[in-house]
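Mind docking chains B, C, D and E on chain A? Use the hints.
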Amino acid sequence: MSKFIKKASKTIGQAPGSIIYVGERKVEKPSISIIDYDEKNFQEKEVKNIEECFPFKESPTITWINIDGLHDTEIISKIGNYFGIHHLILEDIANTSQRPKFEESGKYIFVVLNMLYFDEKDNETKTEQVSLVFGENFVISFQEQEGDVFNPIRARIRDDKGRVRKSKADYLAYSLVDAVVDNYFMILEKMGEQIANMEDELVANPSTEKLQLIQNLKRDIIFLRKSVWPLREIISGLQRTESDLFQDSTKVYMRDLYDHTIQVIDNIESLRDMVSSMLDIYMSSISNKMNEVMKVLTIIATIFIPITFVAGVYGMNFDHGVSNLNMPELTWRFGYFFAWGIMISIIIGMLIYFKNKKWI
Amino acid sequence: MSKFIKKASKTIGQAPGSIIYVGERKVEKPSISIIDYDEKNFQEKEVKNIEECFPFKESPTITWINIDGLHDTEIISKIGNYFGIHHLILEDIANTSQRPKFEESGKYIFVVLNMLYFDEKDNETKTEQVSLVFGENFVISFQEQEGDVFNPIRARIRDDKGRVRKSKADYLAYSLVDAVVDNYFMILEKMGEQIANMEDELVANPSTEKLQLIQNLKRDIIFLRKSVWPLREIISGLQRTESDLFQDSTKVYMRDLYDHTIQVIDNIESLRDMVSSMLDIYMSSISNKMNEVMKVLTIIATIFIPITFVAGVYGMNFDHGVSNLNMPELTWRFGYFFAWGIMISIIIGMLIYFKNKKWI
Amino acid sequence: MSKFIKKASKTIGQAPGSIIYVGERKVEKPSISIIDYDEKNFQEKEVKNIEECFPFKESPTITWINIDGLHDTEIISKIGNYFGIHHLILEDIANTSQRPKFEESGKYIFVVLNMLYFDEKDNETKTEQVSLVFGENFVISFQEQEGDVFNPIRARIRDDKGRVRKSKADYLAYSLVDAVVDNYFMILEKMGEQIANMEDELVANPSTEKLQLIQNLKRDIIFLRKSVWPLREIISGLQRTESDLFQDSTKVYMRDLYDHTIQVIDNIESLRDMVSSMLDIYMSSISNKMNEVMKVLTIIATIFIPITFVAGVYGMNFDHGVSNLNMPELTWRFGYFFAWGIMISIIIGMLIYFKNKKWI
Amino acid sequence: MSKFIKKASKTIGQAPGSIIYVGERKVEKPSISIIDYDEKNFQEKEVKNIEECFPFKESPTITWINIDGLHDTEIISKIGNYFGIHHLILEDIANTSQRPKFEESGKYIFVVLNMLYFDEKDNETKTEQVSLVFGENFVISFQEQEGDVFNPIRARIRDDKGRVRKSKADYLAYSLVDAVVDNYFMILEKMGEQIANMEDELVANPSTEKLQLIQNLKRDIIFLRKSVWPLREIISGLQRTESDLFQDSTKVYMRDLYDHTIQVIDNIESLRDMVSSMLDIYMSSISNKMNEVMKVLTIIATIFIPITFVAGVYGMNFDHGVSNLNMPELTWRFGYFFAWGIMISIIIGMLIYFKNKKWI
Amino acid sequence: MSKFIKKASKTIGQAPGSIIYVGERKVEKPSISIIDYDEKNFQEKEVKNIEECFPFKESPTITWINIDGLHDTEIISKIGNYFGIHHLILEDIANTSQRPKFEESGKYIFVVLNMLYFDEKDNETKTEQVSLVFGENFVISFQEQEGDVFNPIRARIRDDKGRVRKSKADYLAYSLVDAVVDNYFMILEKMGEQIANMEDELVANPSTEKLQLIQNLKRDIIFLRKSVWPLREIISGLQRTESDLFQDSTKVYMRDLYDHTIQVIDNIESLRDMVSSMLDIYMSSISNKMNEVMKVLTIIATIFIPITFVAGVYGMNFDHGVSNLNMPELTWRFGYFFAWGIMISIIIGMLIYFKNKKWI
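Residue numbers (our numbering), protein chains in the order written: chain A, 215 to 574; chain B, 215 to 574; chain C, 215 to 574; chain D, 215 to 574; chain E, 215 to 574.
Chain A on its own, in the form it takes in the complex:
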């Protein structure tokens, strides 16, 4: 449950705009990296001190500052103040339980996203908040921990592939959002596989642990939906924005990104339908098992109860000596075989009956 409703207790009662990190401390020390480029120049470096980023602000080249680790709110506060970012936005960056959203002011655009990754260790889908602030010639990205989702973009800048070096900061920001959305497809694929595997197992062997797994899948999907649905509004908002920060050439790409988001949503809805019908399969499967158990019981019982009765009859002690009307079968020459005959007839009769009913 904890991943749905993050501990917000820390922030309750605080004045709005207080920068408080609510997540767990995921990295030892925040790491800050800078990539500075234009069509001709390229520079990449790790810095220890946030103040080292400040000189890049004034340069005409595009500067991408990436900060991994948010527990040191001092850093957020300093860079925020230097780049003139509203304190409510700084609060949102640190408070990692935000709903995805975007906000624009005259000088910059702020986007919060949820990035999803599959934690192999805990075997569940986890989330990390990614915040972007970008202005005319800078992009600042905040992540809770180091990740590899932005690496292909770093490589494309470094090797000058695609359009990124020839474009402005808005294209870089688009590329980062695009990388996050692309990542959803990976998660969806993984969940799709899990569901397909689960379904086969469910019919074969419905157990309580399976029920637990279905619930987990359901929760993952609820969680995915919560992360992705707001994206639609965000991206269509970015498309329609009249901010000067967005160039027309980038808007074509935003439209493409919008299509991808719709596709992600479509797929989530399909997965949801699949998972919701898994419980039905589970229940049907259990009913089927129960039916099978009942049949075994019924077959054994309905065969043996009558013949046990026959054996019981000839175990009675009516005194043949007193009256030869009492249990004359007991003194017949073939009395024993007669009894067996009756019993075997009953067995055969029952078997035929069950055969007809297609129970055996």
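One thing to keep in mind: the hints can contain errors.
Any copy, or any two copies together, can satisfy a pair, since identical chains are not distinguished.
The calculated DSS-like cross-link candidates involving lysine-lysine, where the alpha carbons are at most 30 angstroms apart (straight line), are [to be verified]:
id: 1; residue 1: Lys375; residue 2: Lys292
id: 2; residue 1: Lys262; residue 2: Lys375
id: 3; residue 1: Lys262; residue 2: Lys440
id: 4; residue 1: Lys432; residue 2: Lys572
Just so you know, the hints here were simulated from the structure itself, not pulled from any lab data.
A quick note: this is a predicted structure, and the numbers were derived from the prediction, not measured.
Frame of chain A; chains B, C, D and E shown alone:
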């Protein structure tokens, strides 16, 4: 049920605008407190008599009058008349079964909210109506009983933390609404925990009391939804209002508040999904238990019924003296062991069968 | 079912605008009452003849004509013609299977509502169509039978309480609609109580009659929804109307009424959720009962079947005389106690097993 | 299923605008009837040859041409060409698997409806496509077979009742659509009765055939919805149309018709809710039956298994001669009564237990 | 699952606009065919080399280039560049996991559709992406493999049937989309039949394989919906487009096509309702079977358990010699018949009881 549809019988047949308190009397005597402040001055006092508040109306400082306890409708009526509030609004303040809503007139804005708190004693989520009326330099808040949800704001005013002392009455009103919404997160967290605990127990031990608890949770969530959904409209209405009472600087905070409300709604919907699937788990869990019971019965019955039959056969009284074809086994040297042999074979055969079926 | 789809066969094939009463004749003879008032004057009388109402039309005072009983379509036709009401509206007044709606022409506004009342005798919620036509200084109300829902308004006019004597016909019309809506709260309260009682009984004793009762409740709620949902459009329509018949001062009250209607709808939706989950409780409760039955059977069977086998074994007739290997226990000194020992061990073992399983 | 998705194979691969009849041939030969009237004149005749209709086109009187039977696409083609109707519309008239819709061109308005009738022979609701084309002074109606739904209108024209003779072609067209909608009420009433009957039977005797019947009802309702929902758009479209073909006086009637359509839809939704809850009743009813079966088994088994054990005990052959500790009861004077005493005590104990459990 | 979420891994991390084919290679070698026509001329040929198409671009005749097989992205790239198509669109053509959509630029309109076909071999509905780019006098269609769905259009062009030769490229494009939509009806018919067959089998014989089949149907329908819902927007978008590429005469046909799409969607929703209720039938059917099994068990057990008890009683060894009160029946002359009498009475009593219960 009573919390859904509050006794409104009292008000039926009354002329509209009659001020009638419909709740139970929760406090002995209404308590009235006043906080009066501007950037430099601060004054806080408890008053016994509502008339003592009146002088503050004309002062240029911001006055926050808080009234806890609504059964003395005289107080509502007096303050309402003095501050020029429409009698239909006074009726709404007293009639604590209102749907959250806001209304604006030229001189003041009226907001009704439901505050939620978890009553440890009755182990259920309860509600209390909070009404706010605020004008240019006053905020009047009405609560059904004393609560601690506004205490952090009182502290912030007293200690001059945050923006509240530097801002107008609209920021104070925003802070009060924000406090109520923040409080929802606490309730949601609590419910989230309850649900997580419940789920584990459900699989382990599905009992009728659990069913009752699920129903209670369901009702709490229906109730939460009813309280929170209208908030969205209210806050987006306040955002869009053209009233002079709202300053632009406060609207940025309203937007933040709106985001929080959406997040609360998102979380409620997730909880709802969770709870609605709990009944499925419950049913599955019961079916599983039943299956287990059936298996035990079937295993015992299908093992013992056949061997009881064997014992029954050799309990028959066919007269070996009359014909030595009758039950020759009884006179065999190892007849008894032969019978046990048959019976043990049946037992082993059945056990193998059940092993194959994975029932044991 | 009949209350959902009223017999409309009578009207099929008739030309539109034919005034045909489709309900059952609920009162012996239509009764017509007139209340005529303004701020200073008040007059109330019962009339036998519809023509007696006509003189009031021209008077400047406000005239409220109330007609209980619609089977005499002659009356509807006469008063309709005299007050210049369109024949399609007269058809709607008589055809009591209308969906709630309102229609405005230049000279009057027409409102159809469903009034609900709980019929103690048949133990079900019934409906009655209430139609209002009001113009500048008259209100004509049509009911299928005499009811007491308008009595408080009559009293308020008579005793000059509230605003009604000081206001125009639109306020009276508002008051009548308000009385009908207030009445819904009574019905909702009653249903809420029924549901709460039912739920407790359901868990205790799920029987087929309960199922029937749940279905009835469901139907009542479907029915309520059909009656109330259109009200929302009607009242918001009346609020937005540009008709001169509506004074601004009344519109404030309409807004209040609208809030009430939303509250009714909210409550209906909550009840709906409750009732729809009752079937789940019912099913769970039955499953629980079944489980209990199965456990009793299983406990008895799994205890007694094995020990019956033991008794069966020692009832076998293997001939100890022929071979002393045959059933030596039978000749042991404590053989009988030995047998009982085995049987009691089995019983204790099983009881421990069931204890562990928490079945007993 | 076939009634949902009509064989459209015939039309696949054909050029758009090809006039192909896709239904089964329901009548031997198309029959063509003409009614020609104005306020003073009236003429009614059957014609053999479609060309006989043509002269009526130019006359100022209103001409209603009704064609029953669509398999002779030649007729459709001829009349279509003569009255200047677009070939795509002619295709729609013949292709009787259309969704209800309306289309307007400058000179005529085209309406397709589904008429429903209850086929007593097959015991199911069937559909027939009714197409109307009307212009300034003509209405052409196409039906798949002869029906009696338009007879009351014919009678009203013949006998000059109602407004039809005094009005234009638009009023006649409205009357025809109104007749189709009125007919839905008949179907709904019939279905309502079926559902009410079914419900009672379901609780009494849930069988597989009932399940089949529920499915049929469900399908009928799905089918009804598909036929009626588009009607809403059609009629509201006709209401809003700016075509000269529609006179203002007729629009009042269209509004009335719209209300009726909404009422039909409301009723369908109610029936849908009813039917969808029937499956729940069915399942509950089966569970109840199963419970009852289980109780009978359990009562019999738990009474007789223990006493059979008692009988088994005293059937053991421990040798009283060897040791008088072995089964001394057998030699007691009242041993037999003692055994019966135990057995009767068990029976009584069990009966009390079941009584307490309210199983008997 | 794989068909829902196509392997998109290949494209992740690639710069936007990279042309990458994501499907499986379905044909050996792409085949390219050209049809070039106007009202008077007609030319049809297969080409080996994509460059052979280029000359047709400038000719005033309408050129339809059809490319089957997309794995050779070189071809897409070349033709795209020659016809001046945006690289993002070329990416969409190759990336065959697109959601249906359309995009217009000044010079051409781009449409992506999903074509469905039933794969007899795998017994499931499969999908293939069809992309169309059309400009003033050319249409380029891309398919993943060769299909026969466009053959009727080729024939119509060749034989100059219908309007296609007399119209522009927009009509050809419309015809291609129309062919795809028409094809949906075939798929729907097939699914309708499958569902109808399934339903009958379900009641007769509910097995786990059936459950699997229901799931497959469900998935097919989810898949169909995903393919068809976006079509509605596409076609209504094409209808409303202000592009010069669309002639007014074609828009009438687009409207017809829109109606067909709505009909397809209606039918899918109906099928969905049908399939979703199949699981209910399945569950009911299993419950019914279980009930039947239980009844057989109960009938056999409740008849034989009591009479086995009777036999057990007379198998007791109470010593008649010691006391003639002990089991006097054993020495009665008709003792044996007496015992049988009791047993037969029990049997008859039980049979009457079951008869009354309607179990037999």
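So, going through the hints one by one against the coordinates:
Taking CA atoms no more than 30 angstroms apart as the test, Lys375 paired with Lys292 passes between copies only; the shortest distance there is 21 angstroms, against 33 angstroms inside one copy. With identical chains, the CA atoms of Lys262 and Lys375 are at most 30 angstroms apart within one copy only, with a shortest distance of 29 angstroms there and 33 angstroms across copies. When the C-alpha separation of Lys262 and Lys440 is checked against a cutoff of 30 angstroms, the pair qualifies neither within a copy, at 35 angstroms, nor between copies, at 49 angstroms. In this homomeric assembly, Lys432 and Lys572 come within 30 angstroms of each other (Cα to Cα) only across copies, at 28 angstroms, whereas the closest approach inside a single copy is 37 angstroms.
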